[in-house]
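J.: Residue numbers (UniProt numbering), protein chains in the order written: chain A, 1 to 428; chain B, 1 to 428; chain C, 1 to 428; chain D, 1 to 428.
Honestly, I wouldn't trust all of these hints.
[To be verified] Some chain D residues judged to face chain C by a derived CB distance under 10 Å, without partners named:
hint: 1; residue: Thr251
hint: 2; residue: Gly320
hint: 3; residue: Ala365
[Unchecked claim] Which stretches of chain A does chain C cover? Using the computed rule of at least three CB atoms under 8 Å from a CB of chain C, they are:
hint: 4; segment: 59 to 69
hint: 5; segment: 261 to 271
hint: 6; segment: 281 to 291
hint: 7; segment: 361 to 367
Hints are computed from structural coordinates only; laboratory data are not their basis.
Here a beta-carbon is modelled for each residue, glycine too, at the ideal position from N, C-alpha and C.
Number of protein chains: 4
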Amino acid sequence: MNLSPDLIDATVRCRRDLHRYPELSWTEYRTTAKVAATLDALGYQLHFGEDYLDLPSVMGRNIDVAVEKQRAAEQGADFAWLERMGDYSGLAATMSMARPGPVIALRFDIDALPVTESRFSAHVPYCGGFASEIEGKMHACGHDGHTAIGLSVARWVAENRERLTGEIRMIFQPGEEGCCGGKAVAKGPIITGVDYFLAMHLGINVPSGAVVVNPTGFLATTKFDMTFSGHPAHAGIEPNAGANALACASTAISQMLAIPSHRDGMTRINIGSLVSEGGRNVIPASAHLCGETRGETQALDAYMMEAVRRISQAAGAMHGLKVELTVQGEAPDCANSPELVARLRQQAEQLPGINDIVEQRPFGASEDATWMVRAVQAQGGQGVYFIMGSDLPEGHHKSGFDIDEAVLGSAVALMAAMVESLVTHSSN
Amino acid sequence: MNLSPDLIDATVRCRRDLHRYPELSWTEYRTTAKVAATLDALGYQLHFGEDYLDLPSVMGRNIDVAVEKQRAAEQGADFAWLERMGDYSGLAATMSMARPGPVIALRFDIDALPVTESRFSAHVPYCGGFASEIEGKMHACGHDGHTAIGLSVARWVAENRERLTGEIRMIFQPGEEGCCGGKAVAKGPIITGVDYFLAMHLGINVPSGAVVVNPTGFLATTKFDMTFSGHPAHAGIEPNAGANALACASTAISQMLAIPSHRDGMTRINIGSLVSEGGRNVIPASAHLCGETRGETQALDAYMMEAVRRISQAAGAMHGLKVELTVQGEAPDCANSPELVARLRQQAEQLPGINDIVEQRPFGASEDATWMVRAVQAQGGQGVYFIMGSDLPEGHHKSGFDIDEAVLGSAVALMAAMVESLVTHSSN
Amino acid sequence: MNLSPDLIDATVRCRRDLHRYPELSWTEYRTTAKVAATLDALGYQLHFGEDYLDLPSVMGRNIDVAVEKQRAAEQGADFAWLERMGDYSGLAATMSMARPGPVIALRFDIDALPVTESRFSAHVPYCGGFASEIEGKMHACGHDGHTAIGLSVARWVAENRERLTGEIRMIFQPGEEGCCGGKAVAKGPIITGVDYFLAMHLGINVPSGAVVVNPTGFLATTKFDMTFSGHPAHAGIEPNAGANALACASTAISQMLAIPSHRDGMTRINIGSLVSEGGRNVIPASAHLCGETRGETQALDAYMMEAVRRISQAAGAMHGLKVELTVQGEAPDCANSPELVARLRQQAEQLPGINDIVEQRPFGASEDATWMVRAVQAQGGQGVYFIMGSDLPEGHHKSGFDIDEAVLGSAVALMAAMVESLVTHSSN
Amino acid sequence: MNLSPDLIDATVRCRRDLHRYPELSWTEYRTTAKVAATLDALGYQLHFGEDYLDLPSVMGRNIDVAVEKQRAAEQGADFAWLERMGDYSGLAATMSMARPGPVIALRFDIDALPVTESRFSAHVPYCGGFASEIEGKMHACGHDGHTAIGLSVARWVAENRERLTGEIRMIFQPGEEGCCGGKAVAKGPIITGVDYFLAMHLGINVPSGAVVVNPTGFLATTKFDMTFSGHPAHAGIEPNAGANALACASTAISQMLAIPSHRDGMTRINIGSLVSEGGRNVIPASAHLCGETRGETQALDAYMMEAVRRISQAAGAMHGLKVELTVQGEAPDCANSPELVARLRQQAEQLPGINDIVEQRPFGASEDATWMVRAVQAQGGQGVYFIMGSDLPEGHHKSGFDIDEAVLGSAVALMAAMVESLVTHSSN
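For reference, chain A alone in the conformation it holds in the complex:
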């Protein structure tokens, strides 16, 4: 698989444009508009909102659509596309070939993070002039690269349309950070009928030139918020009259951190933030925390969440106040389909620029493409999630994060090679 230099250049340019305008989960309107315009021009059929998502499965989406679209427009989003996409960001784009063949879905995540980008001179996006234009937001996990790769693969498919069979579905998923969007995609209409599913991530502590064809150890996870609603009271005059939201939250936190470990494997819990603001002399009336559970399996994550639920309700009862628990994100564990892993290895071995193919490597974190891998497998198809190594100056989610742009072309090539291979294979 040799790509044209032009396609590789376009991938880099596209990534840099996206890098300048990072958009948080569910607010990727500018990105969506850009992706839509590109794919529309290539002849794809576009699917927005409930045409590709199961809306009831959307999680962690607390945004002001009008404000965000206005912002996107100011950052250059085409107004017509902002209109056409409706309320939900992200999209799926499909192209049916002339001849019958397998349905292949490729998924790329598109959202950025609430991180302020480095302004050190050695930071390539900064000295290269394409650092984030937005204070406090940054593509610090490489999803700008993912999106650019997806667009180039889409172009390659369009350009090779005559040679291909079956159907291609390009999914540009919003809200991967916090595992908010994957479930809605997996349960949406776009996954139905998919025979082969592929997704990938850049980096993940794997060096440039290496591909991990079968990462394991995806942790099932649930992201949750907890809101404590009590009553204020003057702490000096009538301490008994309040319902102390902060005391309740402290109890809940201490107890959640002490959920017993489980016979069947590793579990995790974290409360990442708590905010309870009010006067020093007032019994605090409200508090809000953000937390997450994880487990080696969905059952273990469910064990943790069952305890979280029990503790949150009991803490409320203990302190005489209302505790509301809301799930903001979720991802299961998953296992790649062995046949697809084998095919991926085969294709990767033939690819120039790939000098190390790693079989297994614990992923150690969570990823909501696992919903889609599971959904496709459940309907008899195959799925694989792989890691495209990239040297990183600083780790994921850090202000100095940057991807090795030399890897972008290899990723496009590997994805294209897989498509070609699957089509060829299936038409046999």
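Given chain A, put chains B, C and D in place with the hints provided.
T.: Quick look at chains B, C and D alone, frame taken from chain A:
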């Protein structure tokens, strides 16, 4: 009021006999048999069990009647009286005078404590040969003296029967320690119709020769037990399979100790003991604790207990196990009747041996005669609880506790003087 | 004492001007400039910064002087006065009379609160056009009135200078909210040599027309902040690598709320806010809380703070991180001088408009003028803190708070009458 | 390897005798006397106390030697052996062969458990008349069988002395329960110079007829006690005067149960018991708890214990009292020597009665023979710990536990076969 030297001697002898055979709450069978025999011989009518108690109001009574009666018999209790008294210890004894007059009730508590008596040579009961015969039990709060005083007052009344009017009710209450018995007396038939109620305590950090005629600050209190029933599990192999009673109890304790203070006044809480026994490598399946709340008023104590209840149930829900809360004792606050306080001051002033009459003094602890003071006041009568000072070598509930026996006679005389005064007054 | 209508009008106008430009503790630069200009014109000698304050006793002052002065200038503060006052807001102004006599100090607090003022049409400052110009700040405790009263008393003194003896010291104290500034005034040079000290508060649930000449029950208090500094770590990948600031803060909060009550009287504790922000999947590296203790006496407040210190250090040790405790404010309890209370009653009785003189009334909260009352008493002088009743549409610190301006004149008159009386009395 | 029927019968008889007289850790005086008498008669050289143990490494030994020896004598222990063994129970017995060869150590643990034996008719020891004679103690883990096996192996060695080479060391270890004794054996003189070390356990959920030749997953563990020493105070009168041991213990428990999990593998913690006794109205002055940590590796167990130490000290500081942590037992993880595993498999395969040889099986619990396996490996030798399957009517440490006596002969045969094989092998 001059008592015969013989009566004073008898009081001391009686106290020493009782001191040798201390009996814990609700097991005062030997004491009751002795009191019954004495009062029966003096011509009193005796009332046992439900004839003087409201049985549903009995608290904290977890005893083996047969075992305790057997023990009492071995310690010299007359078998006939053990039979006649039925299952409940304590008694009331009434004597109606020939002429009509007021109904006067005097209450004396009779139980001892789980304290091991001192064997130091300076400890008077030990060197005097009347220390406790029972390892681990001791009259360490002076109720042996109270009982002896009551019997001597009863004798004085019987001997002066012709001069008196109305009716005398002598109440020998079981289970004052832990506030277990007072409520059953107060709600029982023996209080109905009482015009004047008197009770007293020896010591309480008041020196010999002083009388506190109007102690205040009786704290309302509730004594409770809490039992946590979970499930065991091997802590190494399946830590998730248990329901951890000790973790639950720890949570409940920490939370109970943090019940907010109250605008309306002083509150207290204490967890005095916790026992959770089991193998080091087993998730503890059960735990038991004993605690108490207090408040300046019944409302404040109720505020505390409402929180205790809420916390205990919520802690159980939090840890997935059953928590049972049982009330083992209760006493309200109370205020003496001013007229009776004035009369008591008057009588005390005339008594030889009394050299200091203290008006107010915070009691600072709890006492379940308050149930009776309140009950009598509620039916229009008057009540007073007073302190008869006594030098103490060591404080109440300590192993070196001892009363100043010289005070016993004064106490008998003051009680007798009050009876005489009330009869005289009333017949006017 | 009859004031000129002009003086009363000026008091109201001054209060309304101050009301429009509320300034938080230690940032009262505009207010100070205005007060300074007025008093300078009246012939007072002005004392700024360390000339009236003990700087090491300043608490809770975390401000950017340049930013705040710039802001004050934009709000109309005279630049020359901003220069002359130096870094510290507030001031003392003294005037010595021709004839010798007592040194009288009057104290007025000048700071506002972080409260957003009501925009309801019934809210007088709003419909009257003098509501706060500053979003999020408001004179919601009446210190605008206090300052205006002080300026009018100062004018009365200046106008009656010939008739008076001794020396007048007018103290315009910054940072009363949070009890930040009183200690620095009390330990500063301005209190040395004071014979009589007076301070007052408007409102406090006392109606217009009433004066509480001897409020009691000032609670000793300490305001503290606590900062927890741990280490972040990825909560899924290496949960052991973090030092969890939020877990530590939760422990500290639970434990602080359980500090045992004290034999000697009422105590209070409150943690009013906690903020720990960070990613959901990151062990929280930092947390910050604001709290306060109170006690009926300084000793009781010290008992609470000793426990707070112990718990904060131990919580840090328990979780392997650093906990920093800083005191942000402090006030002791105090008792008014009886002679001065008596004189105040006498003067108030003669004052038109005063129809109810209340002797005792529990203050129930804290106030840092108590530092000054104590300091003056300690050097042999007398001090009084009184309440000038004012009907309030809504309580203190609420967005609809407003004072009854009709009371302002009475307050000026009572202060002036006290000055006249003390001078007359002392010159006798 | 065919054993004589007589030897098998003797093994069963010996096990039944031991079963009747269970002795807890470090009190195995009767057992030791019996073992000593038997081995002495067989010609072994006996080593007691510091001749086989490293006394400073003894843990969890809190006994009254005189009382226990008296008890052992009453249960039939020979007085001369009780004298000769000195203060420490257990022993090692050595026999040197005529010809040089390897040093082989076999270890058998001898202690029983604080469990009350079943009196159900279906319980074989009960209906067979050899149930525990001691209320509350029971051989509920099969160490009676281990000891009997050891004695029969010793007899086989003695009877085959002429054919063997090198040296045999038979170790009868006290205090395996709670991992109290293994470290002292491993660091004692009896392990020095050992070339091959073997130990075994009956049961462990493996059926009769099966042998697990290479159990894995021994958990490193530490058994600890914690004593909290505070001050009592009357909870109603001066709650501030106490140092609350129970509040402190509750804090420590809640915090210990919340020690974060570790990146490197499984950890466990349990607090199995807490006892804090005292009056309901007294601030509890003392508390005592028993707990344990575990980890997949010694480093993980050390991580847990480091946190336990930190928390215990900090909890003491937090509550102003003294917390003492004492280690009562310890065991590391270990890995069997592969060569010895292979040899064991070889021997087991040839043994009649063995129909299933299991390679790996997670042990899932802790065992202090691991100290010896590690010590022998550290000096260049080989060690193996294996499981001799036994059908069990009820699990280990339960009152209905019983071993399948048919397995005893196989165990003796396998041990004997290993000795023979090692000697033959080594003499090659």
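J.: Would you mind marking each hint as holding or not holding in the structure?
T.: Verification of the hints:
Annotation: interface hint on threonine 251(D) holds; nearest CB of chain C at approximately 7 Å, less than 10 Å. Given the 10 Å rule on beta carbons, the hint for glycine 320(D) holds: about 7 Å separates it from the nearest Cβ of chain C. Interface restraint check: alanine 365(D) against chain C, minimum CB-CB distance 23 Å, threshold 10 Å, status violated. Coverage of the segment 59 to 69 of chain A by chain C is violated. Counting CB-CB distances below 8 Å, 0 residues qualify, and the rule asks for three or more.
Note: the segment 261 to 271 of chain A has 4 residues with beta-carbon separation from chain C under 8 Å; the three-residue rule is met and the coverage holds. Restraint check on the segment 281 to 291 of chain A versus chain C: 7 residues with Cβ-Cβ distances below 8 Å, three needed, restraint holds. Figure legend: the segment 361 to 367 of chain A, annotated as covered by chain C; annotation consistent (3 residues with Cβ-Cβ distances under 8 Å, at least 3 required).
The structure is inconsistent with the numbered hints 3 and 4, although it conforms to all the rest.
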